[in-house]
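**Q** Here is what each chain is made of, one letter per residue.
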Amino acid sequence: MSRTPPAPEASGPAGAFRPAPGWCAPEVAQELPGLRLLAAEAQVRRGGSLTGDSPPDIRERLRELSNRMRGATAVAVRRQPVPAAYRVFFRHIGLDPDAVRTPMEAAVLERMLRGGFLSGGLLADVLLVALLDTGVPVWALDAESVEGSLGIRPSGERERLGRSREAPELPGGRLVVADGSAPLAVLFGGLAPGHEPVANTRRLTLFAVQVAGVPELYAEEALWNCRAALELP
Amino acid sequence: MSPSEQLTIDRGAPVLAGVAVGAETGEQAARRSLRAQVARLERELSAIVADGFPYIRAGAPTWASTGPSLLDLERLEQLRDQLAGRVQELRRRAQERSEHELRAQELLERMKLEPGRYKFVRLPVTDLGQRGCGVWEVRPRFGLIGMLAGWWELKLSSGCPLATGSRPSATPATRPGRPLAP
Numbered sequence: 001m002s003r004t005p006p007a008p009e010a011s012g013p014a015g016a017f018r019p020a021p022g023w024c025a026p027e028v029a030q031e032l033p034g035l036r037l038l039a040a041e042a043q044v045r046r047g048g049s050l051t052g053d054s055p056p057d058i059r060e061r062l063r064e065l066s067n068r069m070r071g072a073t074a075v076a077v078r079r080q081p082v083p084a085a086y087r088v089f090f091r092h093i094g095l096d097p098d099a100v101r102t103p104m105e106a107a108v109l110e111r112m113l114r115g116g117f118l119s120g121g122l123l124a125d126v127l128l129v130a131l132l133d134t135g136v137p138v139w140a141l142d143a144e145s146v147e148g149s150l151g152i153r154p155s156g157e158r159e160r161l162g163r164s165r166e167a168p169e170l171p172g173g174r175l176v177v178a179d180g181s182a183p184l185a186v187l188f189g190g191l192a193p194g195h196e197p198v199a200n201t202r203r204l205t206l207f208a209v210q211v212a213g214v215p216e217l218y219a220e221e222a223l224w225n226c227r228a229a230l231e232l233p
Numbered sequence: 234m235s236p237s238e239q240l241t242i243d244r245g246a247p248v249l250a251g252v253a254v255g256a257e258t259g260e261q262a263a264r265r266s267l268r269a270q271v272a273r274l275e276r277e278l279s280a281i282v283a284d285g286f287p288y289i290r291a292g293a294p295t296w297a298s299t300g301p302s303l304l305d306l307e308r309l310e311q312l313r314d315q316l317a318g319r320v321q322e323l324r325r326r327a328q329e330r331s332e333h334e335l336r337a338q339e340l341l342e343r344m345k346l347e348p349g350r351y352k353f354v355r356l357p358v359t360d361l362g363q364r365g366c367g368v369w370e371v372r373p374r375f376g377l378i379g380m381l382a383g384w385w386e387l388k389l390s391s392g393c394p395l396a397t398g399s400r401p402s403a404t405p406a407t408r409p410g411r412p413l414a415p
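Going line by line, the protein sequences match chains A and B.
Using this note's numbering, the first residue of the first sequence is number 1, and each one after it goes up by one.
Using this note's numbering, the first residue of the second sequence is number 234, and each one after it goes up by one.
Next up, chain A with everything else stripped away, as it sits in the complex (with noise of 0.2 Å):
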């Protein structure tokens, strides 16, 4: 499988933020085109945990977010170009988008049946935060526990999703997120076991996956989101 070699993540001498291009199968990117993972590692150095209270500085953003997010907003979503770009992905890779909500819409979905953005801890709500402000889904990894470069491609023959004991088997052909040697997370869905970040990792590696429709600032500014966000002192 020829990958393409991700060009390195680059900080401007403006401190312009560039993430790392992920690679993408041939056979992927031939029948999904537009399809795109970007990838950014950040720095947690945020005191406390990350599955923790969030700072005020945050839940004061959600507070802001779900006031901004009504009923009428619910509905509308999927009209908006980014949503959209995802609900029409989702049909193209087999999933019905009124079954699996795309990732915006379970967060308005959510916040209308909770009656607003509730805290999930640090990095929960540094994610929902960038899905909220872009329409982009960003997820993030243990740095520690990522070999080499993320894309995405088909998984394969009774591969197994993660590299710990637990991981489960994979049926063939699920498209994933996989590094240089196994699958980390299914597309648009969950993580590998033993990958996610836990109460106290500190480097992480966030990925956020464009589809076509999406502009690709859209992207890179979800993910410069949750850098910057983390990042915080």
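Worth double-checking, as some hints may not be accurate.
[Claimed, not checked] Looking from chain A toward chain B, a few residues come up when the C-beta cut is under 8 Å (computed): (1) Cys24; (2) Val28; (3) Arg78; (4) Ala84; (5) Val88; (6) Arg91; (7) Ile93; (8) Leu95; (9) Asp98; (10) Ala99; (11) Pro154; (12) Arg158; (13) Arg174.
Calculated directly from the structure, the hints in this document are not laboratory data.
All values reported here derive from a predicted model rather than from experimental measurement.
Note that CB positions come from ideal geometry on N, CA and C, so glycine has one too.
We have chain A already, so just place chain B on it with the hints.
**A** Just chain B, lined up with the frame of chain A:
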């Protein structure tokens, strides 16, 4: 997407053109064409649901999802056909809904012009495509006197009832949080 429209898309797509350059290329082109059709249908489906909320819902998914994967030509065709069916069904419901609202609007106009002909007729604002719990109703002015005298008027009731029911008639002494007077 109407059948004629669908045929136009299939004809216009490079599927047939692909025959000249090899079967594999033709199949890839066919999949690309199907994905474009799926994208169009999805956008139309979303537009109908968003415009028709809360009267038109997306409905139960009919597509048996097996997780994210690359779909072959057959699966893409099935997906396109199922989506086309759903869009057609939703279009029909949207059309029915719009006719229903139009009839309700006409009825309201008639009720305004000749309230005496529509005694006690009630028309919820939701039938007019508006939000809220208001109801237009033809009622006699001044109650029984108006009924006997034939004075009818069209009134719009106020908003939704409180979820907690009507406000309890709390006296200052029983109001919570306030100390009792010595």
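**Q** Go through the hint on Asp98/A and say holds or violated, using the shortest Cβ distance to chain B against 8 Å.
**A** OK, holds: Asp98/A within 8 Å of chain B, min 5 Å.
**Q** Against chain B, with CB atoms and a cut of 8 Å, does the hint on Arg91/A hold up?
**A** Status holds, d = 5 Å.
**Q** With 8 Å as the cut and Cβ atoms as the points, is Ala84/A at the interface with chain B?
**A** For Ala84/A, the interface hint holds, since the closest Cβ of chain B sits about 6 Å away, which is under 8 Å.
**Q** Under the criterion of a CB-CB separation shorter than 8 Å, is Val88/A in contact with chain B as hinted?
**A** 5 Å, holds
**Q** Report holds or violated for the interface hint on Pro154/A, using the least CB-CB distance to chain B and a cut-off of 8 Å.
**A** 6 Å, holds
**Q** Less than 8 Å between beta-carbons is the criterion; does Arg158/A satisfy it with respect to chain B?
**A** Interface hint status for Arg158/A: violated (15 Å vs cutoff 8 Å).
**Q** Report holds or violated for the interface hint on Val28/A, using the least CB-CB distance to chain B and a cut-off of 8 Å.
**A** Result: holds, 7 Å to nearest chain B Cβ.
**Q** Tell me if the interface restraint on Arg174/A is satisfied: Cβ within less than 8 Å of some Cβ in chain B.
**A** Interface hint status for Arg174/A: holds (5 Å vs cutoff 8 Å).
**Q** Tell me if the interface restraint on Ala99/A is satisfied: Cβ within less than 8 Å of some Cβ in chain B.
**A** 4 Å, holds
**Q** Could you check if Cys24/A really has its C-beta closer than 8 Å to a C-beta on chain B?
**A** 12 Å, violated
**Q** Tell me if the interface restraint on Arg78/A is satisfied: Cβ within less than 8 Å of some Cβ in chain B.
**A** 4 Å, holds
**Q** Does Ile93/A hold up as a contact with chain B if the rule is Cβ-Cβ below 8 Å?
**A** Holds, because the Cβ-Cβ distance from Ile93/A to chain B comes to roughly 4 Å (cut-off 8 Å).
Violation of the numbered hints given earlier is confined to hints 1 and 12; the remaining hints are satisfied by the structure.
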